[in-house]
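**Student:** Which chain is which? The protein sequence lines are A and B, in order. Residue 402 in the numbering used here is what sits at position 402 of the first sequence, and the numbering runs on without skipping anything. Residue 124 in the numbering used here is what sits at position 124 of the second sequence, and the numbering runs on without skipping anything.
Any given hint might turn out to be false.
[To be verified] DSSO-like cross-link-like pairs, simulated, lysine-lysine; straight-line CA separation at most 27 Å: (1) B:K114 to A:K360; (2) B:K360 to A:K362; (3) A:K362 to B:K89; (4) B:K360 to A:K89.
[Said to hold, decoys possible] Derived list of chain B stretches under chain A, where covered just means 3 residues or more per stretch with a C-beta under 8 Å from a C-beta of chain A: (5) 143-154; (6) 186-195.
[As the list claims (entries may be wrong)] Non-contacting residues of chain A with respect to chain B, defined by C-beta distances greater than 12 Å in every case (computed): (7) S76; (8) S332; (9) R368.
It is worth saying that the hints were derived from the structure and are not from the lab. C-beta atoms are modelled at their ideal positions from N, C-alpha and C, and glycine is treated no differently.
Protein chains: 2
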Amino acid sequence: MAFRLDLEDDIQLAIINIGRDSFDGHIYGKDEEDSIIDNKTSLRLIQTCPNSNARAGELVTPHGIVATPVFLPVGSQATVKAVTPDDLKELGITMVMANTYHLYLRPGIAVIEKMGGLHQFMAWDRAIITDSGGYQIFSLARLRKLSDEGVTFRSHIDGSQHLITPELAIQFQESLGADIIMVLDECPSHTDTLERVEKAMDRTHQWAERCRGVQTHGDQALFAIVQGGLFPELRRKSASFLVSLGFSGYAIGGLSLGESKALTQAIVEETVALLPENRPRHLMGVGSPEDIVESVARGIDMFDSALPTQIARKGALFTRQGRHNILRSAYSQREDPFDPDCACYTCRNFSAAYLHHLFKCKELLAYRLATIHNLHFMNSLMKAIRDAITGGTFSSFRDSFLASYQPTNDEVRLVQKKKWLDAQNRSDTIQD
Amino acid sequence: MAFRLDLEDDIQLAIINIGRDSFDGHIYGKDEEDSIIDNKTSLRLIQTCPNSNARAGELVTPHGIVATPVFLPVGSQATVKAVTPDDLKELGITMVMANTYHLYLRPGIAVIEKMGGLHQFMAWDRAIITDSGGYQIFSLARLRKLSDEGVTFRSHIDGSQHLITPELAIQFQESLGADIIMVLDECPSHTDTLERVEKAMDRTHQWAERCRGVQTHGDQALFAIVQGGLFPELRRKSASFLVSLGFSGYAIGGLSLGESKALTQAIVEETVALLPENRPRHLMGVGSPEDIVESVARGIDMFDSALPTQIARKGALFTRQGRHNILRSAYSQREDPFDPDCACYTCRNFSAAYLHHLFKCKELLAYRLATIHNLHFMNSLMKAIRDAITGGTFSSFRDSFLASYQPTNDEVRLVQKKKWLDAQNRSDTIQD
Numbered sequence: 001m002a003f004r005l006d007l008e009d010d011i012q013l014a015i016i017n018i019g020r021d022s023f024d025g026h027i028y029g030k031d032e033e034d035s036i037i038d039n040k041t042s043l044r045l046i047q048t049c050p051n052s053n054a055r056a057g058e059l060v061t062p063h064g065i066v067a068t069p070v071f072l073p074v075g076s077q078a079t080v081k082a083v084t085p086d087d088l089k090e091l092g093i094t095m096v097m098a099n100t101y102h103l104y105l106r107p108g109i110a111v112i113e114k115m116g117g118l119h120q121f122m123a124w125d126r127a128i129i130t131d132s133g134g135y136q137i138f139s140l141a142r143l144r145k146l147s148d149e150g151v152t153f154r155s156h157i158d159g160s161q162h163l164i165t166p167e168l169a170i171q172f173q174e175s176l177g178a179d180i181i182m183v184l185d186e187c188p189s190h191t192d193t194l195e196r197v198e199k200a201m202d203r204t205h206q207w208a209e210r211c212r213g214v215q216t217h218g219d220q221a222l223f224a225i226v227q228g229g230l231f232p233e234l235r236r237k238s239a240s241f242l243v244s245l246g247f248s249g250y251a252i253g254g255l256s257l258g259e260s261k262a263l264t265q266a267i268v269e270e271t272v273a274l275l276p277e278n279r280p281r282h283l284m285g286v287g288s289p290e291d292i293v294e295s296v297a298r299g300i301d302m303f304d305s306a307l308p309t310q311i312a313r314k315g316a317l318f319t320r321q322g323r324h325n326i327l328r329s330a331y332s333q334r335e336d337p338f339d340p341d342c343a344c345y346t347c348r349n350f351s352a353a354y355l356h357h358l359f360k361c362k363e364l365l366a367y368r369l370a371t372i373h374n375l376h377f378m379n380s381l382m383k384a385i386r387d388a389i390t391g392g393t394f395s396s397f398r399d400s401f402l403a404s405y406q407p408t409n410d411e412v413r414l415v416q417k418k419k420w421l422d423a424q425n426r427s428d429t430i431q432d
Numbered sequence: 001m002a003f004r005l006d007l008e009d010d011i012q013l014a015i016i017n018i019g020r021d022s023f024d025g026h027i028y029g030k031d032e033e034d035s036i037i038d039n040k041t042s043l044r045l046i047q048t049c050p051n052s053n054a055r056a057g058e059l060v061t062p063h064g065i066v067a068t069p070v071f072l073p074v075g076s077q078a079t080v081k082a083v084t085p086d087d088l089k090e091l092g093i094t095m096v097m098a099n100t101y102h103l104y105l106r107p108g109i110a111v112i113e114k115m116g117g118l119h120q121f122m123a124w125d126r127a128i129i130t131d132s133g134g135y136q137i138f139s140l141a142r143l144r145k146l147s148d149e150g151v152t153f154r155s156h157i158d159g160s161q162h163l164i165t166p167e168l169a170i171q172f173q174e175s176l177g178a179d180i181i182m183v184l185d186e187c188p189s190h191t192d193t194l195e196r197v198e199k200a201m202d203r204t205h206q207w208a209e210r211c212r213g214v215q216t217h218g219d220q221a222l223f224a225i226v227q228g229g230l231f232p233e234l235r236r237k238s239a240s241f242l243v244s245l246g247f248s249g250y251a252i253g254g255l256s257l258g259e260s261k262a263l264t265q266a267i268v269e270e271t272v273a274l275l276p277e278n279r280p281r282h283l284m285g286v287g288s289p290e291d292i293v294e295s296v297a298r299g300i301d302m303f304d305s306a307l308p309t310q311i312a313r314k315g316a317l318f319t320r321q322g323r324h325n326i327l328r329s330a331y332s333q334r335e336d337p338f339d340p341d342c343a344c345y346t347c348r349n350f351s352a353a354y355l356h357h358l359f360k361c362k363e364l365l366a367y368r369l370a371t372i373h374n375l376h377f378m379n380s381l382m383k384a385i386r387d388a389i390t391g392g393t394f395s396s397f398r399d400s401f402l403a404s405y406q407p408t409n410d411e412v413r414l415v416q417k418k419k420w421l422d423a424q425n426r427s428d429t430i431q432d
């Protein structure tokens, strides 16, 4: 029923399909055990870069085809902040990420299930991935108590106490009905000791196995999450173990939490080397253009991050040269659009001076227009990356992009780190 | 060059045109002195109601035709809060109101002039009316010092000191370039004595004359503002005086500031009786559905109010039966749209439960969707009013609307009153 794909082959073009329901005789990933991962979401690899690990493909989901590498806007609370589903479609967005932790607390999983599931609830008929909530429990929730059973925490909204187990995480995500769902994982801090990180990893592995065991919906792809902090040997161990269980895709979690960019990429490289070529690879929480380009070069297919939308609401807008803040007085009388080369709705219709004015006045329209611009930038970047890969020019694209794009200083990274550490300190996680 | 229109005639259908540039041989308003008010904005009366003073018409402006009676969404800072020009067009909005006071402070009149004027700045190619800023100086600004010359005030944003004179108010509005502009007026409180209100009225009259005298742009219509508080004799005096000067249109200011609805309507009736039939009449700051229906019956053509958009952002949404707050828990699991009979974008696409969730989470999308709903309601109401007038059924429409529409209690009115009085107390207006 399935063919083993020799991963050593120099694949230039391959159609890979991992779902039984959509099995169509093409090269098939892994072996018979795949039949357990019975879902309709699969990755078709279209082209790999001869000079790097970059690859272009298509993620086939029950809600449409998602060209990869792809950036997924984050809509934690069943809305990408400040924009409508129509805005997202006009931007060409094909998939968004929602969050089980947030939706569990508000409006509650049962409400969304009653409303016909997450797609219908948020009026989004394209693909959705839900994060299990693991990361949010460790970054947002309070007074966590960890045991092998699961994690008890207090809501960051009203302090109410909750328990989420791997089994519940899957049950919740099946009720939400996203196209791709994720295992519950334990996220240690990047400053934790090897011993502590290893313990978290082991628990993540047990939980992944339990998640896999209780999955009942055949039309949802389940992604495992590789942990192991900044320790290459743990990352290798984690990747190998999870791959041995067999998942529809593999996410890399626990990165971009304050460590250096070089270290992030080193760990990505180390991890990807052990992931099967025929499965989508998702780097969680990475969203800066330079990190995305570098991670694509290392073989990542999917990215999600609140960064582009979050900084948009602070007036920080992307250009091919780097980020600029529209609140700078230089924009106050600029009749041109913010980026005259940009084809987004905002730059097509409004002057930089107008956008500057909206931000100065804290007008709600500011946030929408800025969000549209940044999402358009991200989507255009991903398209340029895909075109470069399929056109065989990714290496030169990467060089020229990185040569002209001025990354933001470490400010944001450090703010993120501080937030994470604050959450850690605030929460007094109790290990059982 | 112009025909005198006998206002005693039982006008059932008349085309009235007050602009020299668009003079086309139809019945012409007032007499030769009209040539001074040389502008392209005019009112064509199409139909009057035989049983009330309601009338339907068309306001012809350099930026399109505006069917009247019309409700003008307020975009004080060159944006109707939370929506784009495209949203407004999709809603069928033909004219918005912006505010000279706000735009003078931010981004500054010179900036907008440099950007090609207000239409281009806010990317709105339909009609605009600008308020002179009089009302805002008296409700928002601080430490006002009034003299015959003008009003000195401190910005509510940064405390900086400014002087606005009638001449400057016109100069600013000519730079902004709206289709209709307004005279600078002095707004007394509705609790002031007759003596105080009369003094403010007299100054408003002097200022109106000065505004009229310095107007240089032939393509802008200048509206006078009738004042006189809650004293019918002053209102009559004000209307007569301003009409004797001759303006392109007449606004009624200083109402709906906390007095009873019955008193508001009594003053409207008293005032309209003295306004020429062939000029547009604008009731300033009135925006509740029941007040609009009643004021249309008394002969008002134009309304502006921040109410529908302001309450939308608090979750208060209109229906034909009255206002309901989407934050009520009754909506938390309602799969139907907020108003199943409503054809707006929001109700066509989202469940009440989703909108409730967005509000609960204070998601930015909430404010946009609610604003769209309320503006759609207002625009549909105005269309229904116009259709009823032209169809000869306004009286029964009015009766059935008021029978089924449950006005909100006085809460909002009292909040508004308190705000006004607070501003008065805060500001220590000094009379010269």
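**Student:** Against this structure, judge whether each hint is valid.
**Tutor:** Going through the hints against the structure:
For the hint linking B:K114 to A:K360, the alpha-carbon distance of about 18 Å falls within 27 Å, and the restraint holds. A distance of roughly 21 Å separates the Cα atoms of B:K360 and A:K362; the hinted pair therefore holds under the 27 Å criterion. Of the pairs offered as hints, the one joining A:K362 and B:K89 holds, with about 23 Å between alpha carbons and a cut-off of 27 Å not exceeded. Proposed proximity of B:K360 and A:K89 is supported: the alpha carbons are some 25 Å apart, at most 27 Å.
Counting residues of the segment 143-154 of chain B whose CB falls under 8 Å from any CB of chain A gives 0; the rule of at least 3 is not met. Beta-carbon proximity to chain A at under 8 Å applies to 0 residues in the segment 186-195 of chain B; the threshold of 3 is not reached and the given coverage is violated. Taking the minimum C-beta to C-beta distance to chain B, about 9 Å, the non-interface status of A:S76 is violated against the 12 Å cut. For A:S332, the non-interface assignment is contradicted: its Cβ lies about 7 Å from the closest Cβ of chain B, within the 12 Å cut-off.
A beta-carbon of chain B comes within 12 Å of the beta-carbon of A:R368; the shortest separation is about 7 Å.
Hints 5, 6, 7, 8, 9 from the list above are not met by this structure, while the remaining hints are.
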